[in-house]
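Colleague: Protein chains in written order, with the working numbering: chain A, 85 to 343; chain B, 135 to 415.
Hints are supplied without guarantee of correctness; some may be wrong.
Claimed, not checked - Just a few of them, taken from the derived set where beta-carbon distance is under 10 Å, the chain B residues facing chain A:
(1) 264
(2) 348
(3) 367
(4) 380
(5) 383
Rather than coming from a laboratory, the hints here were simulated on the basis of the structure. A virtual CB, placed ideally from N, CA and C, is assigned to each residue, including glycine.
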Amino acid sequence: MTRWRAIGIAGTLLALSACATPATTPADTGAGAPTRGTLTVLAATSVRDSFARLGAHFERDHPGWSVTFSFGPSSGLVAQLVAGAPADILATASTTTMDTAVTASVVATPTVFARNAMTIVVPGDNPGRVDSLDDLADPQVSVAVCDPAVPCGLAARQVFARAGIAVTPITQERDVAAVLTKVSLGEVDAGIVYVTDARLAPGTVTDIPIPDADNATTDYAIAVARASENPHLADEFAQFIHSDAAQRVLRDAGFAPPG
Amino acid sequence: MVLSQALSTARRRSVARARRGRAPWQLRVPATVAAIFLILPLLALVIRAPWRALPSLLGDPLVGEALRLSLLCATTAAGLSALFGIPLAWLLARSNGSVATVIRALVTIPLVLPPVVGGVALLSAFGRRGLLGRPVDELFGIALPFTPLGVIVAETFVAMPFLVLTVEGAFRTLDDGYAEAAATLGAGPWFAFRRVVVPLLAPALMAGTVLAWARALGEFGATITFAGNSPGRTQTMPLAVYLAMERDPDAAVALSLILLLVSIVVLVALRGRWLTGLGGR
Numbered sequence: 085m086t087r088w089r090a091i092g093i094a095g096t097l098l099a100l101s102a103c104a105t106p107a108t109t110p111a112d113t114g115a116g117a118p119t120r121g122t123l124t125v126l127a128a129t130s131v132r133d134s135f136a137r138l139g140a141h142f143e144r145d146h147p148g149w150s151v152t153f154s155f156g157p158s159s160g161l162v163a164q165l166v167a168g169a170p171a172d173i174l175a176t177a178s179t180t181t182m183d184t185a186v187t188a189s190v191v192a193t194p195t196v197f198a199r200n201a202m203t204i205v206v207p208g209d210n211p212g213r214v215d216s217l218d219d220l221a222d223p224q225v226s227v228a229v230c231d232p233a234v235p236c237g238l239a240a241r242q243v244f245a246r247a248g249i250a251v252t253p254i255t256q257e258r259d260v261a262a263v264l265t266k267v268s269l270g271e272v273d274a275g276i277v278y279v280t281d282a283r284l285a286p287g288t289v290t291d292i293p294i295p296d297a298d299n300a301t302t303d304y305a306i307a308v309a310r311a312s313e314n315p316h317l318a319d320e321f322a323q324f325i326h327s328d329a330a331q332r333v334l335r336d337a338g339f340a341p342p343g
Numbered sequence: 135m136v137l138s139q140a141l142s143t144a145r146r147r148s149v150a151r152a153r154r155g156r157a158p159w160q161l162r163v164p165a166t167v168a169a170i171f172l173i174l175p176l177l178a179l180v181i182r183a184p185w186r187a188l189p190s191l192l193g194d195p196l197v198g199e200a201l202r203l204s205l206l207c208a209t210t211a212a213g214l215s216a217l218f219g220i221p222l223a224w225l226l227a228r229s230n231g232s233v234a235t236v237i238r239a240l241v242t243i244p245l246v247l248p249p250v251v252g253g254v255a256l257l258s259a260f261g262r263r264g265l266l267g268r269p270v271d272e273l274f275g276i277a278l279p280f281t282p283l284g285v286i287v288a289e290t291f292v293a294m295p296f297l298v299l300t301v302e303g304a305f306r307t308l309d310d311g312y313a314e315a316a317a318t319l320g321a322g323p324w325f326a327f328r329r330v331v332v333p334l335l336a337p338a339l340m341a342g343t344v345l346a347w348a349r350a351l352g353e354f355g356a357t358i359t360f361a362g363n364s365p366g367r368t369q370t371m372p373l374a375v376y377l378a379m380e381r382d383p384d385a386a387v388a389l390s391l392i393l394l395l396v397s398i399v400v401l402v403a404l405r406g407r408w409l410t411g412l413g414g415r
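Only chain B is shown next, with the shape it has when bound in the complex (with noise of 0.2 Å):
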């Protein structure tokens, strides 16, 4: 508690610090390395691509259709990662027996599992012959894989454990004290986490959010094991992108860029209206 509110204020003098002076080069050079390291494939890719190609790739009615969809899943995939990932988060964040211990890390797992074994592990748990899937199927006739629906369950299964811990690591370093103010002036638990807790944290539910937005977005392996790849049905951009790659690099290529375009747009225009009180508050 003390050395919570110890190392929040060692913070924030260090975030004044290092606004005021230039940065240690011990730092700026493993900085620089990193942003190379991740922006100059990210060029090259710019760099060879068939920017010719580019309007005709977009025009083609599949792609808009792939498109369309990866936007739309990924987007409900975030939705539901935070609805139900954020009260997950918070319970974690309280707890510290060996029960939450176990829960923790198997809520985690599908960060390290290969994601063509998630998708086979929700085969086995929501497929036609499923654990859950079968009687589901046999009571009202609903299967989730080869559907919208299916790729929107395996972007969630992979995008929601980044929310948990990217939210959990947030709770933990909100001071109790708020909490307990909102308590003694007559807030309710629910009231307090609805009025005070979220608004407190609403810039790191946001990047946690967006982070399972994002992976949402790029997710291929558990979509294309569970939901399949049906053009118009359940092809997102990431299978379309896999599949073109078989056929013609360049037009992979392209439509890579254009998912790196609209993720781009979509993360920036965030930032802009959301985020900006990450690094001004």
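With the rest of the complex left out, here is chain A (with noise of 0.2 Å):
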């Protein structure tokens, strides 16, 4: 990794007159880092919409580049990632899934850039009558979660736990985006999901807040891929999601700063 930086510092002195080549060949043939390409983010799917328009910011800062992003589950991800999926970025809704990547070597050292927490969300007429997470405990209630497979479902069963409530839910869905699905359609009469993809949710859904003594959180993380051709860039990227400018979008989205 200090290779690639050095590289990468190097490069930054040479880019205006270097005439490199495209992202397809890598810094260290020698002819310095490339000026233009494309930059590849793997980025949990509950980032999308603010990633996506960080990444509109960063273009404009960066004549000649372009970010391209592939959004999925976070384990999918770095699933991806260790297959050798060709990426410079990876942002993960969960350190725990980071530190897979982590010990798999296909990352260099992460950090964190942001918080989420979950949230009750109800259908806009709640038909279950829920207004606290004890409602939730009732048989007659039909919740859905996500699946304890993915990070949002452990957050959900903390969030249980830690309320001292026993829920049966009636389905564990496999994302965040299934969960509102049943819950902006009326299907069920309650759903947990992160707080930020509450306030993404159409206008049907309604959220009632989770007090903060019994929520799970889940912390954000950000780490170049040390597969990337552009790492100097690659970690530009990495240090511009940590800018004033950037965390501003984040928490409009309902992020809050990280820990």
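Need the complex rebuilt from these two chains, each delivered in its own frame; the hints are there to steer you.
Modeller: Have a look at this one:
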């Protein structure tokens, strides 16, 4: 990694004069860092809207570069990276998923850039008359959560455990979007999703906040992929995500600052 | 009519020729490529499979439950597809009007619809707030989503078009002469259908049903969207495989192998029992 970084810095000095080839040529061929190309970011689905805006922002600041995103569940992204998917940046919705990428040595040292918490969502007309966590324990109230195999499912379980309630979900969905679909179509009386997702949901969904003491949070981490062909720029992107401007965009989307 | 007879004669002759002589290389090369293309990924899956994990997975009650549910729902879905799809295919094969054309296009839409969208469509129709689902829920208190019945509905929705397309093609190639001969001998249309058309096309009907069964067995998107994922209730093998992929990719591969083995066993058994006529007739 240090080697990459050194080349990256040298590359910046040369960047203006060097006639580097596009991203397909690795930086260590001696031509210096390329001045144009594509930065590929694998990111958790929950940062989709924020990152799309931030990507456009980054492109404006770096003419010649384009940022492409591939959004998906964090564990899937790590699996893709381990399988050799060409990517420069990995942003996951939990530090534990990021740790699996670190253990597999596919990314450099990660940093935490945002925090998300859980909330209850109910259909607009609140058919189950839910107004607190305790109501979810009522067997008459149908509840959708994520499957425990994905982070949002683990977080939902944590919330129930902290609140000391026993909830039998009617369905364990594969991701937050699927939970929201069930809630917005009124197929279930309540769901547990991330605060940021509830904010994105159509107006047909109402959110009922979970008290901090019962809530579960997850930290979002970002790291440069070891296989990145433009590690310097990838580093710059990761730093940009920590910048005030980027953090404002994330705050607007409902993320809390890293704790 | 004359053309179709000529075609079927020509086909029989070419079949006979192909059996006697070697297939030309122009066919053998792409055929080999096709076979390798289809088989290689399966082989790769078998090679990377964690065979040692298999026994403990097979002993897992949740896996057994998912497998049982998969077989039960896929078989019911294939049965329902046959029960309702074969008559639909027959009607479509006999109609050429613009209405039939539109209906034919519409009923095959589930083939191209991304299954997840199919699931949302099903929720909009049969869900608790759906077009039909709401009155049914209010009158009878029956809601399909999140029940094994919902799994069957989702699988039938996705699988039936395969059967309709296959069987309609077979109905179209059938010589009308047989049914007409039966009619001149005094058979009513329903009798002629049951005793003449169905036995003649049995291999095609069976092939269509097996195709529907296979599609239903592997169904994922519409099922998880419409019926949700609840272990022991609506979690079929493909859902279990998908979620295992999140947690433990090795277990996911092992689970898909189990599904693969079971379906191969069933297909081979069916071929021996029912489909021998396909090649031999």
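Colleague: Indicate, hint by hint, whether the structure satisfies it.
Modeller: Here is how each hint holds up against the structure:
1. 264: This interface hint holds because 8 Å falls under the 10 Å limit.
2. 348: violated (23 Å)
3. 367: holds (9 Å)
4. 380: Holds - the Cβ of residue 380 of chain B comes within 10 Å of chain A, reaching about 4 Å at its closest.
5. 383: Constraint on residue 383 of chain B satisfied, holds at 7 Å.
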